[in-house]
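Take the sequences, apply the hints, and build the full model.
If you read the sequences in order, they're chains A and B.
52 is the number that our numbering gives to position 52 of the first sequence; each next residue is one higher, with no gaps.
200 is the number that our numbering gives to position 86 of the second sequence; each next residue is one higher, with no gaps.
Since the hints were made in silico from the structure, they are not lab data.
You may find that some hints are simply not true.
[As the list claims (entries may be wrong)] Mimicking EDC-like on lysine to aspartate or glutamate, the simulated pairs with C-alpha atoms at most 20 angstroms apart in a straight line are:
| no. | chain 1 | residue 1 | chain 2 | residue 2 |
| --- | --- | --- | --- | --- |
| 1 | A | 15 | A | 101 |
| 2 | B | 163 | B | 129 |
| 3 | B | 163 | A | 20 |
| 4 | B | 163 | A | 101 |
| 5 | A | 15 | A | 83 |
| 6 | B | 214 | A | 83 |
| 7 | B | 214 | A | 56 |
| 8 | B | 214 | A | 57 |
| 9 | B | 163 | B | 199 |
[Said to hold, decoys possible] Cβ-Cβ distance ranges computed for the label pairs, FRET-style:
| no. | chain 1 | residue 1 | chain 2 | residue 2 | range |
| --- | --- | --- | --- | --- | --- |
| 10 | A | 70 | B | 224 | 31 to 39 angstroms |
| 11 | A | 8 | B | 197 | 43 to 51 angstroms |
| 12 | B | 129 | A | 61 | 24 to 32 angstroms |
| 13 | A | 28 | B | 154 | 25 to 33 angstroms |
| 14 | B | 226 | A | 3 | 30 to 38 angstroms |
| 15 | A | 58 | B | 191 | 29 to 37 angstroms |
| 16 | A | 18 | B | 134 | 44 to 52 angstroms |
| 17 | B | 119 | A | 58 | 16 to 24 angstroms |
| 18 | B | 129 | A | 71 | 43 to 51 angstroms |
| 19 | B | 121 | A | 110 | 25 to 33 angstroms |
[Claimed, not checked] To give an idea of the interface, some chain B residues facing chain A are shown, with a C-beta separation under 7 angstroms as derived from the structure:
| no. | residue |
| --- | --- |
| 20 | 127 |
| 21 | 136 |
| 22 | 213 |
C-beta: ideal position from N, C-alpha, C; glycine also.
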Amino acid sequence: GAGVSQTPSNKVTEKGKYVELRCDPISGHTALYWYRQSLGQGPEFLIYFQGTGAADDSGLPNDRFFAVRPEGSVSTLKIQRTERGDSAVYLCASSLVVTADTQYFGPGTRLTVL
Amino acid sequence: AQSVTQPDIHITVSEGASLELRCNYSYGATPYLFWYVQSPGQGLQLLLKYFSGDTLVQGIKGFEAEFKRSQSSFNLRKPSVHWSDAAEYFCAVVPQAGNKLTFGGGTRVLVKP
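What follows is the structure in structure tokens.
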């Protein structure tokens, strides 16, 4: 079956601009996660959704970052007033259930802020 | 604080040789443990996972890992490496009642012909 998909695969933007990153999880997966992977590091947790609600957003670095999942499927990560330090690969994952289930990752969106 | 440590940043191994990647975790209680592989331009692919039971876990692509509670370790092994195993490998943990994966810094594996 289809895996997790993310669009765009690459996004180049200028400092101060607004960007949206999209994630399509595996069909039927109730939990959706966003991680950020900076160059040379392991992924770091940003936020996860159980259904439509953000169950834990403790990893979002500041209030410029926001994510939604209005219908419990597709999710959008939104970054306002982008900064050069936001440059990273943004990974999305989904799992069938929330608690300690295997997370399946998408290919990521590489964001470059000039 | 909870943490995952992968002591080796880079490992170079000859094709056909054995490979062992180290992973140590620091958690209040034994978490669930995972190994993922990331090839250039690819997403993270799950190699294997340990939740409970037999401490020697078999995964895909000929990989296995051994959980050692006394050492808080979950080392990944492969008896004979193929050139296609060149990639970055990440150890990750999640609390048994939790959901957020915590990753180590990764080990980049280079395979010499």
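Hint numbers not upheld by this structure, sorted from lowest to highest: Hints 1, 2, 3, 6, 10, 11, 12, 20, 21 are the ones this structure does not satisfy, whereas the remaining hints hold.
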